[in-house]
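*Asks:* Following the hints, put chain B in place on chain A, whose structure we already have.
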Amino acid sequence: MTSYLARRLLITIPVLIGITVLTFVFINLAPGDPVMMMVSPEQVAELGQEWLEARRHELGLDQPLPVRYVRWLQELAHGNLGYSLTTGESVAGLIVERLPATLRLLVAALVVGIGIGVPVGVLSAVKQYSLLDYASTIFSMAFIAVPPFFLGLGLIYIFALSLDILPTAGMNTVGVTPTLWDSLLHLVLPATVLGFGQAAQILRYTRSSLLQVLRQDFVRTARAKGLHERVVIYRHALRNALIPVVTVVALNIPALFGGAVITEQIFQWPGVGSLAMASIARRDYSTIMGVNFVSAVLVLLCNLAADVAYSIIDPRIRYR
Amino acid sequence: MTRVRSTKKTIYGLVGILLCFVLLVTGCAGGKQPAQKEKVLYVHLYMKPAGLNPISSSGQGQDRHVLNSIYNNLVRLSDKYEVVPDLCERYEVSSDAKVFTFYLPKNAKWHDGKPVTADDVVFTFNVMLNPKSGSWLVGKLSEIKGAADYKEGKTSQVAGVTKVDEYTVKVELEKPDVAFLALAIPDMYILPKHVLESVPVDQLGNAQTFRDKMVGSGPYKFVKYETDQYVEVVKNPDYWRGKPKLDRIFYKVLTTDVAVAQMEKGELDIAKVSATDASRLAALSHVQVLSVPGAGIFQMGFNLQQPYLQDKRVRQAFAYAIDREGLLKTVLQGHGRVVNSPIIGPEWAVNPNLDPYKYDPEKAKQLLREAKWDSNRKLVWIYIPGIRDRDASYPVMQQQLKEVGINVEFKPVEAAVFAKMYLAGTTDWDLASFGGGVYGAEPHVSSQYYLSWNHTPKGANGTHYANPRIDELYMQGCATPDRATRQKIYYEIASILNEDMPTVFFWANNEIWAVNKRVVGCKPPGTVHTFGWDVFDWDIAGESK
Numbered sequence: 025m026t027s028y029l030a031r032r033l034l035i036t037i038p039v040l041i042g043i044t045v046l047t048f049v050f051i052n053l054a055p056g057d058p059v060m061m062m063v064s065p066e067q068v069a070e071l072g073q074e075w076l077e078a079r080r081h082e083l084g085l086d087q088p089l090p091v092r093y094v095r096w097l098q099e100l101a102h103g104n105l106g107y108s109l110t111t112g113e114s115v116a117g118l119i120v121e122r123l124p125a126t127l128r129l130l131v132a133a134l135v136v137g138i139g140i141g142v143p144v145g146v147l148s149a150v151k152q153y154s155l156l157d158y159a160s161t162i163f164s165m166a167f168i169a170v171p172p173f174f175l176g177l178g179l180i181y182i183f184a185l186s187l188d189i190l191p192t193a194g195m196n197t198v199g200v201t202p203t204l205w206d207s208l209l210h211l212v213l214p215a216t217v218l219g220f221g222q223a224a225q226i227l228r229y230t231r232s233s234l235l236q237v238l239r240q241d242f243v244r245t246a247r248a249k250g251l252h253e254r255v256v257i258y259r260h261a262l263r264n265a266l267i268p269v270v271t272v273v274a275l276n277i278p279a280l281f282g283g284a285v286i287t288e289q290i291f292q293w294p295g296v297g298s299l300a301m302a303s304i305a306r307r308d309y310s311t312i313m314g315v316n317f318v319s320a321v322l323v324l325l326c327n328l329a330a331d332v333a334y335s336i337i338d339p340r341i342r343y344r
Numbered sequence: 000m001t002r003v004r005s006t007k008k009t010i011y012g013l014v015g016i017l018l019c020f021v022l023l024v025t026g027c028a029g030g031k032q033p034a035q036k037e038k039v040l041y042v043h044l045y046m047k048p049a050g051l052n053p054i055s056s057s058g059q060g061q062d063r064h065v066l067n068s069i070y071n072n073l074v075r076l077s078d079k080y081e082v083v084p085d086l087c088e089r090y091e092v093s094s095d096a097k098v099f100t101f102y103l104p105k106n107a108k109w110h111d112g113k114p115v116t117a118d119d120v121v122f123t124f125n126v127m128l129n130p131k132s133g134s135w136l137v138g139k140l141s142e143i144k145g146a147a148d149y150k151e152g153k154t155s156q157v158a159g160v161t162k163v164d165e166y167t168v169k170v171e172l173e174k175p176d177v178a179f180l181a182l183a184i185p186d187m188y189i190l191p192k193h194v195l196e197s198v199p200v201d202q203l204g205n206a207q208t209f210r211d212k213m214v215g216s217g218p219y220k221f222v223k224y225e226t227d228q229y230v231e232v233v234k235n236p237d238y239w240r241g242k243p244k245l246d247r248i249f250y251k252v253l254t255t256d257v258a259v260a261q262m263e264k265g266e267l268d269i270a271k272v273s274a275t276d277a278s279r280l281a282a283l284s285h286v287q288v289l290s291v292p293g294a295g296i297f298q299m300g301f302n303l304q305q306p307y308l309q310d311k312r313v314r315q316a317f318a319y320a321i322d323r324e325g326l327l328k329t330v331l332q333g334h335g336r337v338v339n340s341p342i343i344g345p346e347w348a349v350n351p352n353l354d355p356y357k358y359d360p361e362k363a364k365q366l367l368r369e370a371k372w373d374s375n376r377k378l379v380w381i382y383i384p385g386i387r388d389r390d391a392s393y394p395v396m397q398q399q400l401k402e403v404g405i406n407v408e409f410k411p412v413e414a415a416v417f418a419k420m421y422l423a424g425t426t427d428w429d430l431a432s433f434g435g436g437v438y439g440a441e442p443h444v445s446s447q448y449y450l451s452w453n454h455t456p457k458g459a460n461g462t463h464y465a466n467p468r469i470d471e472l473y474m475q476g477c478a479t480p481d482r483a484t485r486q487k488i489y490y491e492i493a494s495i496l497n498e499d500m501p502t503v504f505f506w507a508n509n510e511i512w513a514v515n516k517r518v519v520g521c522k523p524p525g526t527v528h529t530f531g532w533d534v535f536d537w538d539i540a541g542e543s544k
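Sequences listed follow chains A and B, in order. Everything in the first sequence is counted per my numbering, starting at 25 for the first residue and increasing by one. Everything in the second sequence is counted per my numbering, starting at 0 for the first residue and increasing by one.
Watch out, some of these pointers could steer you wrong.
To be verified - Cut-off 25 Å, straight-line C-alpha distance, at most; resulting in silico cross-link-like pairs (DMTMM-like, lysine to aspartate or glutamate):
#	chain 1	residue 1	chain 2	residue 2
1	B	Lys544	A	Asp206
2	B	Lys174	A	Glu74
3	B	Lys419	A	Asp86
4	B	Lys153	A	Glu77
5	B	Lys328	B	Asp256
To be verified - Which residues of chain B face chain A? A partial, calculated answer using Cβ under 8 Å:
#	residue
6	Val39
7	Gly58
8	Asn129
9	Pro130
10	Gly133
11	Gln207
12	Asp227
13	Tyr229
14	Val233
15	Arg247
16	Phe249
17	Lys251
18	Glu263
19	Lys264
20	Glu266
21	Ala415
Just so you know, the hints here were simulated from the structure itself, not pulled from any lab data. Where a beta carbon is used, it is the ideal one built from N, C-alpha and C, also for glycine.
For reference, chain A alone in the conformation it holds in the complex (with noise of 0.2 Å):
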């Protein structure tokens, strides 16, 4: 096993590279840079070329790709992942900046995705065709379909305003001293467009891998044996059909690190995913190598700890 693992990781250090130059390349083949990006089309003409040229020069745009592309890879071995091109902050402290409202609205997320979506997948796997069965299938199929933007929009028009029992945005009320209420009261709406999206992808992996199980060999020995149903449901076949789960989530875990863009602008929530939209509008580079570079690295991170944690649940896969 620490042989696998060794080899895993050392693995993972020339994809990164070859990660951080495809997005170098690709960030930079874009029009514009972040010197065009920080003021607009007619006041460009006002301010003239050699002031933009005075700040590409400034920031080091005017050097050669390879050239930049090293000097960021030397600093990132250093541990530092650079400046913003456009505010001048450390990345790394924007990032961590940031963290604690990614970590908040990526654990509630998956907090109900899993709360809702693996229960209600085992009921429908072992309450197949009944009325729970169909209720869950609608609701799966009509929250994988419903865009974020809507789902959020429509939740704020009901229970903020119509209603009046929730906050509209923001993580904590403005002005007041945040209590532990407060915030939860705000992560509730955000927490929910994010988690039902998640509670629906689950709930399907877990109806469709529990249904294959259910139908296994083993389980009818289980039964047969004459033990308790829910004996059988809970202790043999669940855990083997966990595993397409714990894919789903460990994969998910970095989508909603830096994917809930949309979500986070609607409730204005100032996570990684809206940094990473903002500096990919701004061009600026440095950013989004830093957000990218953190990303990928939780990929990766990630799919070796799914990898591991299946020859755990399953003792037939094991890593030489």
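*Replies:* The following block gives chain B in isolation, referenced to the frame of chain A:
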């Protein structure tokens, strides 16, 4: 059977817990507002602040919303585009429009208690003209005498800015330009020398630098910026003009949809809204909707380098072929006004006798026939997509042009690409439409787009229009502060451009503001750039809903 009942029990149990949770939530949902004794105002920021740095991000409207309450400018533009003194008791413009003298108030103080003097003003000019500071005003202020030498490092101070005495500053320009007062000075926030002189110049433009050095002289003090969420400012009780009436202002960053929702709930007091939201909000009893004439123009420029666009009859045909009044009513619900020249304000400068080019497709066809227009020719029209009313009008315009025999092919491009194409002075486009600008603030603004020595890529004259009479008139117009003379000049300019039509002017849209009726003394302007000019006068009377 046991197994069914236990599953049902679990579900009922969970539902029960959920219900209890919901009840608790409903019960505790109140009590969100801060202590009732404080007067707190909530203002909408339509975009995240770019950096809240008065040197490098003061070009952004949303940053200015906040900076206008923390800092002062020597003069500001009112909602009617009049120059009003801010950090000065009075100002003087010399008769040759070259020298501007500002008399500072003697009791103005910085937030840390030190007095505001002419040294601070001189320091500010020098910082704003230093290219290393990242100041975006370097271009606008370059008309000051000695600015070029200072930029190249030949002098350590800008020669044209002089301290006359402790409370008087004189600014001298290289060439006469009375528009300098309305266009450059209001954009410059006055900075404290004693706080910033120790900071290396190249770090002044950094957003982080200003987080803990936001010492201004304005009616409100900076408290904190919760990144991408809100900015908080608190009353400055020692403000030199008197005590501000509000205790605290929160500038909240929200998308427009959420802002409208919060206005309905009474959680937001002032927001800029679109024409479609305006009608919905006007129906509410606690909100008033103000539609203020804007300073920008939605227009389409012809690339006069193309030989087939050089006949002015062809260009006039465009204006007759497009139903501008009709489109304004449909896409903007009438929140705007059709204009026929780039001189749309202030009021004294607007020529009332211009040809209105009323919608007349027959006249358009006739003009095209006279000009021997080839209706098989395809024209490339570039624009930046993203503004609802403009995007909605393009298909209609295309149809209306087709009816008179003009074929246009639209090419939506990203802002950076548009800037490259339009400002490079190339011939890969025929028509280019855009909006914005501050034409309504000063008639001289339009000069940069029509002077013959300002052709792209050197300047902003994207159409490459060249008319020696226009050049002469513009130069005369900014060389005297006398309003009567200027009015005659700008009337003539407008009438020439109205006939030559290097650009088809569609309309100047209004800026629509939704203001909670409890807000008193707020006169929102026609452009987001100057919003907050009257922040000192804002007050609250009554409840928010």
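*Asks:* For each hint, tell me whether it holds in the structure or not.
*Replies:* Evaluation of the provided hints:
1. For the hint linking Lys544 (chain B) to Asp206 (chain A), the alpha-carbon distance of about 22 Å falls within 25 Å, and the restraint holds.
2. Proximity of Lys174 (chain B) to Glu74 (chain A) is assessed by CA-CA distance (about 22 Å); at most 25 Å being required, the pair is judged to hold.
3. Distance check on the hinted pair: Lys419 (chain B) and Asp86 (chain A) sit about 17 Å apart at the alpha-carbon level, within 25 Å; holds.
4. A distance of roughly 20 Å separates the Cα atoms of Lys153 (chain B) and Glu77 (chain A); the hinted pair therefore holds under the 25 Å criterion.
5. Between Lys328 (chain B) and Asp256 (chain B), the direct Cα distance comes to roughly 23 Å. Compliance with the 25 Å bound is thereby established for this hinted pair.
6. For Val39 (chain B), the interface hint holds, the least distance from its beta-carbon to any beta-carbon of chain A being 6 Å, beneath 8 Å.
7. Taking 8 Å as the C-beta contact cut-off toward chain A, the hint placing Gly58 (chain B) at the interface holds, the least distance being around 6 Å.
8. For Asn129 (chain B), the interface hint is violated, the least distance from its beta-carbon to any beta-carbon of chain A being 11 Å, above 8 Å.
9. Checking Pro130 (chain B) against chain A: minimum C-beta separation of about 5 Å stays under 8 Å; hint holds.
10. Because the smallest distance between the Cβ of Gly133 (chain B) and any Cβ of chain A comes to about 7 Å, under 8 Å, the interface hint for this residue holds.
11. Below 8 Å, beta-carbon pairs count as interface contacts, and Gln207 (chain B) has one with chain A at about 6 Å; its hint therefore holds.
12. Checking Asp227 (chain B) against chain A by beta carbon gives a least distance of about 5 Å; that is within 8 Å, so the hint holds.
13. At about 5 Å, the closest approach between the beta carbon of Tyr229 (chain B) and any beta carbon in chain A falls short of 8 Å, and the interface hint on this residue holds.
14. Among the interface hints, the one on Val233 (chain B) is violated; its C-beta lies about 10 Å from the nearest C-beta in chain A, farther than the 8 Å criterion.
15. A hinted interface residue such as Arg247 (chain B) counts as satisfied when its beta carbon comes closer than 8 Å to some beta carbon of chain A; here the least separation is about 7 Å, so the hint holds.
16. Hint on Phe249 (chain B) holds. Least Cβ distance to chain A is approximately 5 Å, under the 8 Å limit.
17. Given hint, Lys251 (chain B) at the interface with chain A, holds; its Cβ is 6 Å from that chain's nearest Cβ, closer than 8 Å.
18. Annotation: Glu263 (chain B) was flagged as interfacial toward chain A, and the flag holds, the nearest CB pair being 6 Å apart, inside 8 Å.
19. At its closest, the beta carbon of Lys264 (chain B) sits 6 Å from a beta carbon of chain A; the interface hint therefore holds under the 8 Å criterion.
20. Residue-level restraint check for Glu266 (chain B) holds (minimum Cβ-Cβ distance to chain A is 7 Å; threshold 8 Å).
21. Hint status for Ala415 (chain B): holds, given a least beta-carbon distance of 3 Å to chain A, under 8 Å.
Checked against the numbered hints listed earlier, the structure breaks hints 8, 14; every other hint is satisfied.
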